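Chains B and C: place on chain A using the hints.
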Amino acid sequence: MTAAVRMLRETTKSDTAQPIVEVRHISKRYGSSVEALRDINLTFPTGQLTSLLGPSGCGKTTLLKIIAGLLEPTGGEVVVKGKTVTGPGPERAFVFQDFALMPWASVLRNAAFGLELQGIDKKKREETARHYINQVGLSGFENRYPHELSGGMRQRVGLARALAVNADVLLLDEPFSAVDEQNRRKFQEDLLRLREVERKTLIFVTHSIEEAVYLSDRIVLLSPRPGRVSEIIEPHVDRSGPPDLIRRNPAYLDTVEEIWHGLRDYAD
Amino acid sequence: MVLFCLAWEVAGRIPINVAFPPFSDVVAAFGRMVADGSLPSAFLITLQPLVIGLVVATVIGIVMGVGMGLRDELEWAGVPVFVVMQAAPMAALIPLITYVYGIGLTAKVLAVVILALPVIALNGYKAVRNVSPSLRAMCRSFLGNRRQEIFKIVLPDASPMIFAGLRLGISAGFVGVVLAELLITPTGIGDLITYHRSIADYAEMYAVIATIILFSAVTVGLLERVEIALFRPEKKEHSA
Amino acid sequence: MTIAGYRIPPLASLILWAIVWEIVGRLGLVFLFPPLSHVVMELGQVVGSTTFLNAAIMTVKCFVIGIALSIAVGVLLGLLMGRVDAADKLLGMWVNLFVSAPLSALVPVIMILFGMGESTIIVTVFLFAVWIIALDTRAGVRDMPPSLLAMAKSFGASRWQVLTKIVFFAALPEILAGIRLGVIRGVKGVVIGQLLVSIIGLGELFEVYSRNFLMEEFWALTLIVFAFALGAAELIAMLERKIDFYAGVRHA
Numbered sequence: 000m001t002a003a004v005r006m007l008r009e010t011t012k013s014d015t016a017q018p019i020v021e022v023r024h025i026s027k028r029y030g031s032s033v034e035a036l037r038d039i040n041l042t043f044p045t046g047q048l049t050s051l052l053g054p055s056g057c058g059k060t061t062l063l064k065i066i067a068g069l070l071e072p073t074g075g076e077v078v079v080k081g082k083t084v085t086g087p088g089p090e091r092a093f094v095f096q097d098f099a100l101m102p103w104a105s106v107l108r109n110a111a112f113g114l115e116l117q118g119i120d121k122k123k124r125e126e127t128a129r130h131y132i133n134q135v136g137l138s139g140f141e142n143r144y145p146h147e148l149s150g151g152m153r154q155r156v157g158l159a160r161a162l163a164v165n166a167d168v169l170l171l172d173e174p175f176s177a178v179d180e181q182n183r184r185k186f187q188e189d190l191l192r193l194r195e196v197e198r199k200t201l202i203f204v205t206h207s208i209e210e211a212v213y214l215s216d217r218i219v220l221l222s223p224r225p226g227r228v229s230e231i232i233e234p235h236v237d238r239s240g241p242p243d244l245i246r247r248n249p250a251y252l253d254t255v256e257e258i259w260h261g262l263r264d265y266a267d
Numbered sequence: 000m001v002l003f004c005l006a007w008e009v010a011g012r013i014p015i016n017v018a019f020p021p022f023s024d025v026v027a028a029f030g031r032m033v034a035d036g037s038l039p040s041a042f043l044i045t046l047q048p049l050v051i052g053l054v055v056a057t058v059i060g061i062v063m064g065v066g067m068g069l070r071d072e073l074e075w076a077g078v079p080v081f082v083v084m085q086a087a088p089m090a091a092l093i094p095l096i097t098y099v100y101g102i103g104l105t106a107k108v109l110a111v112v113i114l115a116l117p118v119i120a121l122n123g124y125k126a127v128r129n130v131s132p133s134l135r136a137m138c139r140s141f142l143g144n145r146r147q148e149i150f151k152i153v154l155p156d157a158s159p160m161i162f163a164g165l166r167l168g169i170s171a172g173f174v175g176v177v178l179a180e181l182l183i184t185p186t187g188i189g190d191l192i193t194y195h196r197s198i199a200d201y202a203e204m205y206a207v208i209a210t211i212i213l214f215s216a217v218t219v220g221l222l223e224r225v226e227i228a229l230f231r232p233e234k235k236e237h238s239a
Numbered sequence: 000m001t002i003a004g005y006r007i008p009p010l011a012s013l014i015l016w017a018i019v020w021e022i023v024g025r026l027g028l029v030f031l032f033p034p035l036s037h038v039v040m041e042l043g044q045v046v047g048s049t050t051f052l053n054a055a056i057m058t059v060k061c062f063v064i065g066i067a068l069s070i071a072v073g074v075l076l077g078l079l080m081g082r083v084d085a086a087d088k089l090l091g092m093w094v095n096l097f098v099s100a101p102l103s104a105l106v107p108v109i110m111i112l113f114g115m116g117e118s119t120i121i122v123t124v125f126l127f128a129v130w131i132i133a134l135d136t137r138a139g140v141r142d143m144p145p146s147l148l149a150m151a152k153s154f155g156a157s158r159w160q161v162l163t164k165i166v167f168f169a170a171l172p173e174i175l176a177g178i179r180l181g182v183i184r185g186v187k188g189v190v191i192g193q194l195l196v197s198i199i200g201l202g203e204l205f206e207v208y209s210r211n212f213l214m215e216e217f218w219a220l221t222l223i224v225f226a227f228a229l230g231a232a233e234l235i236a237m238l239e240r241k242i243d244f245y246a247g248v249r250h251a
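Here the protein sequences line up with chains A, B and C, keeping their order. Numbering-wise, numbering that gives the first Met the number 0 puts 214 at position 215 of the first sequence, and it's gapless, one number per residue. Numbering-wise, numbering that gives the first Met the number 0 puts 75 at position 76 of the second sequence, and it's gapless, one number per residue. Numbering-wise, numbering that gives the first Met the number 0 puts 141 at position 142 of the third sequence, and it's gapless, one number per residue.
Hints are computed from structural coordinates only; laboratory data are not their basis. Predicted, not measured: the structure shown is a model, and the values here were computed from it. Quick reminder that beta carbons are idealized off the backbone N, C-alpha and C, glycines included. Treat the hints loosely; a few may be bogus.
In the DSS-like style, the derived pairs of lysine-lysine whose C-alpha atoms are separated by at most 30 Å in a straight line are [to be verified]:
1. B:Lys151 - A:Lys123
2. C:Lys152 - C:Lys241
3. C:Lys152 - C:Lys88
4. B:Lys125 - B:Lys151
5. C:Lys164 - C:Lys241
6. A:Lys80 - A:Lys123
7. C:Lys88 - C:Lys164
8. C:Lys60 - C:Lys241
9. C:Lys241 - B:Lys125
10. A:Lys121 - B:Lys151
11. A:Lys122 - B:Lys151
12. C:Lys152 - C:Lys164
Derived contacts from chain A toward chain B, CB cut-off under 7 Å, selection only [what the hints assert, rightly or not]:
13. Ala67
14. Leu69
15. Pro87
16. Phe93
17. Phe95
18. Asp97
19. Ala99
20. Trp103
21. Leu107
Isolated chain A (complex conformation) (with noise of 0.2 Å):
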């Protein structure tokens, strides 16, 4: 199977990707003296995993936000799949750094949760929810509250929820800061599983350049105060081998020292 997905994700790869989401020269500001976010232009192809990595204060979660409908641009638009957007969509899913788990419901509430707005009959979006938590390898705890499960597996929930749903973009907005080390790494490695399962396109906000590299078909480079696209980084990691030889790979390697030389101006 993992042979034909691969050479599924070489074609998407290649320089006629569509873009399934458009950012058209967004500009934000708070009040009249914040300038977040200065004319963004950005595409991002269906299938792939792009980054936003950055400083903290470059924008990089108010981008992810506009994209998701959550924040208004001040200026700019955004088009996923052809159309601009208004707000939050289907085609569109959400995970959140503070994972947004509703401490009153159960994992397996907390996953249906997107189809229970939806108005989907209880017995189906359990089912599905139910897969999903399988899938993030969650299954046993569908009647545990989140209280109960460690950082790692409560992102695990919001990752299932967001999958239950099935958008076709998923925005991830620092979904392992909240998360401690070991679990990341765990946590990094299903991740890449997942996708090559589920057929995604990810975005995904990170101030971490290791998880960037080791994760991103696309590096976006954001600078800070106001928030422009500095540079964009394509890795070509090869990650075909096991998760630890990858981490020693020479182009991981120096990808990260090569990032880490671009930003370090902006460290305090």
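Quick look at chains B and C alone, frame taken from chain A:
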């Protein structure tokens, strides 16, 4: 607890004051009043305005509180009024209520309402304002409409604080009803206190007062149990 | 709230309600509400009278003594409960009971034990205010970051130094919050106490006004008492804001 009762017993026996009976006398008085039915019947009378007043205050308070939390113009018009009402000694109005509504049930219900309403409404308001913004964003990003956002996210997330307001409202309601019975007309518990004081049955009087204080504490504690049983599945099932 | 781009301060709504009150009063719909303007005019009359002055002096005196006592006892009790587990176990239940108990039922007892005079009012204020102060102080002490304690000890602070230099200041935001709530409760206590004793101070005035249907005087007196309550609470709130910077940092 035992220590406290012992200290009371000793202090009563010394005696510090003629009007300070030992603990055992108070317990005996409690037994006498339960046996002759005066205490239970007084409680029934007192509970009537209390329950009516609390139901009224709860319904109005939660509706207004949630409304103020959700809508800016209601917040603007309502919150300052309730803040003043909560900070001010509303008990000062009880004599006024008496002389307008007479000495009947209405006046006592009103006394309960004016004391319990502000804290219930303000807690409802704060609860809605403190709902996690990320949960609300989550609901919107998964295409929840306004109705779903309110009923599936805002109200459940606000419910612990709303219940905290209800507990405060209940204890304020007890204050209201006791004050009303002491100030307006001696009926129920207030009558028992006034009567036994006037004939210098101090043990009986202490028993009545201790009972009403304990009763209010038990009611508040009971509400907490009900809240956990009905609304907090995550607290009930796995944690001890 | 904003209308047409202008921000209207929240307190402005009180002015709106004052106008509503005035209109209701002028229409004479409810006997309870004389027009606000009449009440305000009566204010001068009430404040000028010697009975009011005497009552006010007595009330403020009782209030200040009662609050001072309850702050002293409440903070000490709270520190004790926060630092000593045995004290917490012994007293916690009672403090929690009394903080929400209908203490007005106790006033008749206080009247018997302390007579019908000022001491009864002082004790009432004390009883209304002390528990919340103790409870909040305890919460402040319990919530303080343990690393701060460890830091003080590692630099060789004595128990007394830990208490006065670390614990007290770490808990200060909660202590002040408790005192503010205590002050609000204390005002209620002073009013309830005087109403129940009803032969002294403002309680006597309230009694006289409402018995004789002097609505304007009654409301004027009520406004004064309300203003006093809010003013006292606001005073503490100002203190709280002064130390807000580190209260905010700590809870972040």
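Cross-check of the supplied hints:
1. Taken as a hint, the B:Lys151 and A:Lys123 pair is honoured in the structure, with Cα atoms around 19 Å apart against an allowance of 30 Å.
2. For a cut-off of 30 Å, the pair hint linking C:Lys152 to C:Lys241 stands: about 28 Å separates their Cα positions.
3. At roughly 25 Å between alpha-carbon atoms, C:Lys152 and C:Lys88 fall within 30 Å of each other, so this suggested pair holds.
4. Between the alpha carbons of B:Lys125 and B:Lys151 the distance comes to roughly 18 Å, so the proposed pair stays at or under 30 Å and holds.
5. Between the alpha carbons of C:Lys164 and C:Lys241 the distance comes to roughly 18 Å, so the proposed pair stays at or under 30 Å and holds.
6. This hinted pair checks out: A:Lys80 and A:Lys123 have alpha carbons roughly 27 Å apart, not beyond 30 Å.
7. The straight-line distance between the Cα atoms of C:Lys88 and C:Lys164 is roughly 26 Å, inside the 30 Å bound, and the hint therefore holds.
8. Restraint check: the Cα-Cα separation between C:Lys60 and C:Lys241 comes to about 27 Å, which is no more than 30 Å; the hinted pair holds.
9. Annotation: proposed proximity of C:Lys241 to B:Lys125 holds, straight-line Cα distance about 23 Å (limit 30 Å).
10. A distance of roughly 15 Å separates the Cα atoms of A:Lys121 and B:Lys151; the hinted pair therefore holds under the 30 Å criterion.
11. Taking the CA atoms of A:Lys122 and B:Lys151, the gap is about 19 Å. The hint holds against a cut of 30 Å.
12. Our distance criterion of 30 Å between C-alpha atoms is met by C:Lys152 and C:Lys164, whose separation comes to about 12 Å.
13. A distance limit of 7 Å between C-beta atoms decides the matter here; for A:Ala67 the minimum to chain B is near 6 Å, and the interface restraint holds.
14. Given hint, A:Leu69 at the interface with chain B, holds; its Cβ is 5 Å from that chain's nearest Cβ, closer than 7 Å.
15. The beta carbon of A:Pro87 is positioned within 7 Å of a beta carbon in chain B (closest approach about 5 Å), and the interface hint is therefore held.
16. The closest approach between the C-beta of A:Phe93 and any C-beta of chain B is roughly 4 Å, which is under the 7 Å cut-off, so the hint is satisfied.
17. Of the supplied interface hints, the one on A:Phe95 holds, with its beta-carbon coming within about 6 Å of a beta-carbon of chain B, less than 7 Å.
18. Here the hint on A:Asp97 is kept, as its CB sits about 5 Å from the closest CB of chain B, short of 7 Å.
19. Nearest Cβ of chain B to the Cβ of A:Ala99: about 4 Å, under the 7 Å cut. The hint holds.
20. Residue-level restraint check for A:Trp103 holds (minimum Cβ-Cβ distance to chain B is 5 Å; threshold 7 Å).
21. The criterion of a C-beta within 7 Å of any C-beta in chain B is not met by A:Leu107, whose closest approach is roughly 12 Å, and the hint is violated.
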